[in-house]
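Peer 1: Sequence:
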Amino acid sequence: MEARTLCSPTERCVLEPVTCSVCTRQSLWSDSSQAGTNTLLKNRENHSENHSENHRENHSENHSENHRENHSENHRENHSENHRENHSENHSENHSENHRENHSENHSENHSEDTWRRLVSLEI
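Counting in numbering that gives the first Met the number 0, the sequence shown runs from 0 upward without gaps.
Don't take each hint at face value.
Stated by the list, open to error - Simulated DEER-style distance windows between Cβ atoms:
1) 67 x 92: 33 to 41 Å
2) 92 x 72: 27 to 35 Å
3) 111 x 70: 55 to 63 Å
4) 92 x 119: 36 to 44 Å
Everything labelled a hint here was simulated from the structure, so no lab data went into it. Backbone N, C-alpha and C fix where the C-beta goes; we use that ideal spot for every residue, glycine too.
Produce the complete structure using the sequences and hints provided.
Peer 2: So this is what it looks like as structure tokens:
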């Protein structure tokens, strides 16, 4: 049997009022001049079964694939975002902490230096 993915202009899916882009089995297709009641019923059963089975398989495969892709993508995005946030936050915290430490240390050193200069200048 020849597989098809689209209807030709002279054929239609026996269940749909428009051409079906999902059916792939030749047995699901029938020229309207050849379609009898038994063929229509059999085609309707096959069409329904195939659509349900394909839907379940595709849904399961797509769900698993999307889950893996989303997990990987979210992991990368979250990692980058957290890295930027942490870097920025740590930079601010470190800058403030270093500023306080340096200011305090410099203030003490400068204060001692000034005191020493004053004492030296008084002795002279």
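Peer 1: Does each hint fit the structure? Answer for all of them.
Peer 2: Verification of the hints:
Distance hint check for residue 67 and residue 92: the Cβ-Cβ separation is about 37 Å, which falls inside the suggested range of 33 to 41 Å. For residue 92 and residue 72, the hinted distance range of 27 to 35 Å is satisfied, since their beta carbons lie about 30 Å from each other. Against the hinted window of 55 to 63 Å, the Cβ-Cβ separation of residue 111 and residue 70 comes to about 59 Å, which satisfies the hint. Separation of residue 92 from residue 119 is about 40 Å and conforms to the stated range, judged on CB atoms against 36 to 44 Å.
Violation of the numbered hints given earlier is absent; every hint is satisfied by the structure.
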